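Chains as they are written, first to last, in our numbering: chain A, 1 to 283; chain B, 1 to 276; chain C, 1 to 772.
In case anyone wonders, no lab produced these hints; they're calculated from the structure. Accuracy of the hints is not assured; some may be wrong.
Here are the computed lysine-lysine pairs in the DSS-like style, where the Cα-Cα straight-line distance is at most 30 Å [claimed, not checked]: (1) A/Lys-228 with C/Lys-747; (2) A/Lys-228 with C/Lys-369; (3) C/Lys-369 with B/Lys-48; (4) C/Lys-383 with A/Lys-230; (5) C/Lys-383 with A/Lys-228; (6) C/Lys-747 with C/Lys-590; (7) C/Lys-497 with C/Lys-590; (8) C/Lys-540 with B/Lys-48; (9) C/Lys-361 with C/Lys-267; (10) A/Lys-40 with C/Lys-369; (11) C/Lys-540 with C/Lys-364; (12) C/Lys-267 with A/Lys-230; (13) C/Lys-540 with A/Lys-230; (14) A/Lys-40 with C/Lys-540; (15) A/Lys-230 with C/Lys-747; (16) C/Lys-750 with A/Lys-40; (17) C/Lys-364 with A/Lys-230; (18) C/Lys-383 with C/Lys-267; (19) C/Lys-364 with A/Lys-40; (20) C/Lys-361 with A/Lys-228.
This one's a predicted model, so the numbers in the text were calculated from it and none came from an experiment.
Given next are the chains, with one letter for each unit.
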Amino acid sequence: MRRVAARFCRMAILIIFAVFTLGPIVFLVGGSIMGDEEIKSYLGPVLSGQEGYAVWRLIPLYPTLRHVVEVLLDAPEFFHMFWNTAKITAGVLLGQMILAVPAAWGLSRYAFRGRKLIYQIYILLMMMPFQVMMLSEYLVLDGIGLVDTLWAVILPGAFSTFSVFIMYRFFAGIPEDIMEAARVDGAGEWQMFLLVGVPLGKTGIVSALLLQFLECFSMIEQPIAFIKDKTLYPLSMYLPEIDVGRTGFALCASLIALLPTLFLFMAGSDYLEQGIAASAIKE
Amino acid sequence: MKKKHTGILFVLPHFIGVCIFLFLPFLDVVRRSVFRAAGSFSGLENFKIVLGNDAFRLAAGNTLRFTLVCLPLLLVISLFLAVLIYGTGKTAGALKNAFLVPLAIPAACVVLIWRLLFHVHGMVNGVVTALGGTAVDWMNTGSAFYVLVGSYIWKNLGYVVVLWMAAMDAIPGTVYEAARIDGAGRAASFFYITLPCIRPAAFTIVVVSFLNSFRVFREAYLVAGNYPHDSIYLLQHVFNNWFMSLSVDKMAAGAVLLAIVICTAVSVMQRMWENQ
Amino acid sequence: MKIKRMVSLMLCGMMLVAGLGGCGKEPVSADGETVDSKSTQIEGGVDASGSMGRFMESEVALPENVSDILYAALLADGSIELFARNSDNDSYQVQVSKDGGESFSALAIDAGQIDEIFNAYIFSSAIRSDGTVVGLMPGKDNTGSIMAGIIRPDGSMEKKELVIPDVESQNQEYAATPMDCAFDAAGNLIIENLNSYFYRADIESGTCELLTDLEEKHVRHFGIAGNQVLAVAEDGISIVNSADGTAWEADGLLDEMMAADITLADKNGEYARPLVFTGGDSEDMIFYVNHQGLFGHARGSSINEQLINGALCTIGDTSAGFLNLMMVDERQFYLAIIDGTDAGKLLKYVYDENVPTMPEKELKIYALKDTTFLRQAVSSYQKNHQDVFVNLQIGRSGEDGVTAQDAIRALNTEILAGNGPDVLILDGLPVESYIEKGMLKDISAVVEEIDGSEGVFGNVKQAYQKDGAIYQFPARFYVSLVNGDEEALAAGASLEKLADYVTAQKAAGESKIFPMGGAAKLLEKLYYADSAGWFDESGKLKEEAIEQYLSCAKQIYDAQPNESEAVDYYSPKIDASLFGTLDAFSVVMKEAKLGYGTLVDISELVMLHSMNEVHGWSFSPANVDVVKGFGVYQLAGILAGTDVGEQAEDFLRTLFGAECGTLSYNGFPVNRAAYEALCEQEKHAYDGNEGNAGVNVSTPEGEHYNLLFQNLSDEVTEKITGILGAAQKPVCMDEVIKEIVLEQGEKALKGEIAVDEALHEIMQKCNLYLSE
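Could you put together the complete structure from these sequences and hints?
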């Protein structure tokens, strides 16, 4: 009985927090199927200086699919930008998988001269605000001739030190005796990385890539600074700001832009749950 | 820890890229910090100017305060949630996704929601007045700071929960099993097993959370502009405004100072973690 | 061994990354399929490899009394014919040129008869290849017939009724509205009505039969290439055979063009459109012009050759609309357009193989915001400098919602990296920082030169002289005025007096005193009148000046009912309107006791003058006791690092020159010659036309008020010249300070915070800004 009560309590707390974080989604969904007039009447006090206080309805009085149609059918640039984002994300994640994962492995499992220094540099670079680095990064990218191409946002993203930093900890946590055992079995260094490191560090890898993915989907500063050709802008640039008259449209576009990420969360969570389940079996 | 060459070979390809795309620019920033914007060498003059600059001092203080308030709050809340989810098992896994959602919501929407909530005529004030209180201009008084703190936690909660959970995931189940056989309760196994086991990961998480405290800037800017209320005028505002007025020399010097502080803080933390 | 394996794996990885090759800026393949619709800009005629040959543009001088062109056509005998509106009266004329536009002769037509025939608004018109002109009007009482006025090549005229068959099945009123018309190769008139039904009419016999019905498509306008009727709608172009009404298969390339830019479907302006067509020698050839250039395309094929690059000539001027495209042969085209000032123009394009395909020199002009005025200046410059490619970069296009700050940051990055533009339009940019950091070049030579030839307002020049150099200079400027009776004028002399006046009037029982429009607008009006005096000699903000500004604004705001906010923007800090207006008309409407604000342009002066003549009112500079300020528009400078300094200076000569100056958009030209010309023009604008132009409104009480426009008098022009010439200091154009003041001020006015709190906030933020 007490167990059930405790469980109920835990769930209740979690659900309260989930409501707190999920609130905006409800707002987005409601706004996406709400007519402009209705939105205006609720948000008028904030958006156009009417008297009173803003209110919101979870479900519109007069639902309409107009905004959905507008985004999906009448906004070709939306998909164009989506495609750019897809390219950027693919490039960055691929780069991360091929380069950052081994780098994190090398940094965490091997002792070599300069290892500490490299690690420090990685942390430092990760912490520098983008505004500060922007000009100098631009100069480098311009020097290589990458400014105004998608590479200008892909390459710095692919070499982001952030994911190395995250994966480092997970690789470092793998017990040395497992490595030793593999070594005794005659595994080479590369095999050990692929057969021991990657499977055991996969939660770390998945977490790092997931966070990197989010980064790609929300980048705004980098494209503005390094890309001039508006046909190369990613989806995150579609609505960096919301007009008063187009609130409904903007909310709907945001919601649609959000969908891939939500799907990925679900897929990713399956993966993580498997990890949890696997450790449960070990018990 | 063997085979020195192999280690370097794993790291090298990535490191070369990092050098080109990130480290080289950083060195350029360092170089700029000792030159005037016009191009002549100025030694430490820029640093002197920056340290004596009221705007910079205000912003540095605010940033420090923000970090000191946010970090502990975020770490504690997220660890609490992570433990809850972990203890509830598979069914609660889905809830973890809910915590990640804020990260994916476009900044423009977040800003809109902020305005709706914290505007003088916003929903929060609607509730406050309905309960008999007086309306507060949340974004233009000292409360702006707490709004910013709240939004930072709201946004980064999922991030950190995921990291805590991944760390807990790495603890072998057998350890808990053994503890249970020894008669340890939930609380005991949390304090004697979970906490010590995730301590190495805590370092990562602290650094990442610290890093993300720099990223509330875009929201802060979109809601409150370049010159927000005193209490949320952060280092990024200064850096940004300096760049807007082409004072790259000052910006670089400020950045180098920030880098020094970060490096010191991180190595101190590292030392603490290693010594314990 | 292991190292080898690792290296090979790394290489594989590298190749994978390289496989993402699509991410770079790839040239678009000719069939436009690999890349999506948006970037289907086929660069057929243009490449930077130093190839030769380009179409050169020249403007054909039109006969003097032509104001708007309704239709232009190339006739079968090679002459050019124009159907145009007269500039001196509302009647029409036909002009023919047999020598390719060198000279025109008017077709002798009876003036009385033509007015009788075209007694209604001409919705659309066309010219047949034998020179017959047709102008279409809706039929009487909208009975389902269309009236066609016909002018034959011999000058004889006729009016025919074209009866629309089967009109009952459609909306009848729309059925009789001729949206668009054109002649096909066989000489049949194709007519489109407002229901998007297409008819084929024989104007000789007056028969009219249904060609096709595209009601579902919502066709906006159409063009003809040979026998291909190209009906333009938002979702694509339907191509119909004008001979039998059968539809050809949709053309992927044209549809893609529409998908990429749906504004191509808008018929902008009276007759102009953003997309026009003409046929070629072969049956399925289509030549078309959009703002990207002139293209030759064979229907259904992937061939799409860009013959003329719009960016290099007037075609790229998005403020212009197209009327007709005419093809002499593959080396010579004519294009009739209506430019941004609504003037008709005829442009001639001749291929010259001795000119490089792309100009070798590029002039980069940067502006935060797009303006018609700037477009005009660019197009005017481009026309006279075809050896220079003008690359106009707009920081905030408004489509992608990049904030001003984002745009400026990107601009600064480019400037610091040495990739900056050559000419900067400084409106909204941090000018002072640019000057301080030595980013701007001294342009005093250009200004002095113009001053020497055409003259500039000396007070403006003086205001921008800094240590003998001029780093920034405005093309246009404006002042704040107060308009009304003696008492009102006296009150306008300072904000304090104004506030007292409003309070006194309020006490006397008046409720509507200062023109309404909400807190933001009030603050902005007072800002333009007052902010020139906010800084002391050392560039510090004077607290007492702002305190007075705020308290006066508050006093005025509180004295009036402000129940409704006329305009408010979601985010005033991002997109504030450039000008307040005088709102002098509110006095007539009994909604205010005085007019107050910035005088937008000379046409507003005409209205003011006409009104004052009737009521015995007058105007005087606002806040004159405190400061004589002026606002500026299109402030320009040259970046110090430019490598095309000569061209940049040339552009400034155009921008500040008399020609651009006479475009009466926003403010008054700083150019003296242009200013005089504008005044002169308005002194005679209503000669022989009195009583025709004016405004007619009903007051809220239901009274009719009719204001007829009058010519400006010498007295008034002298007065305004005096006021403009006496202004000493530019209004504070620093966007940061303006934003802070207006934002806090609005809160104070609305009572959300107290005035002294607002003052404190403003001072704190501004000092923070200034101390950075």
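Numbers of unmet hints, in rising order: 1, 3, 9, 11, 13, 14, 15, 19
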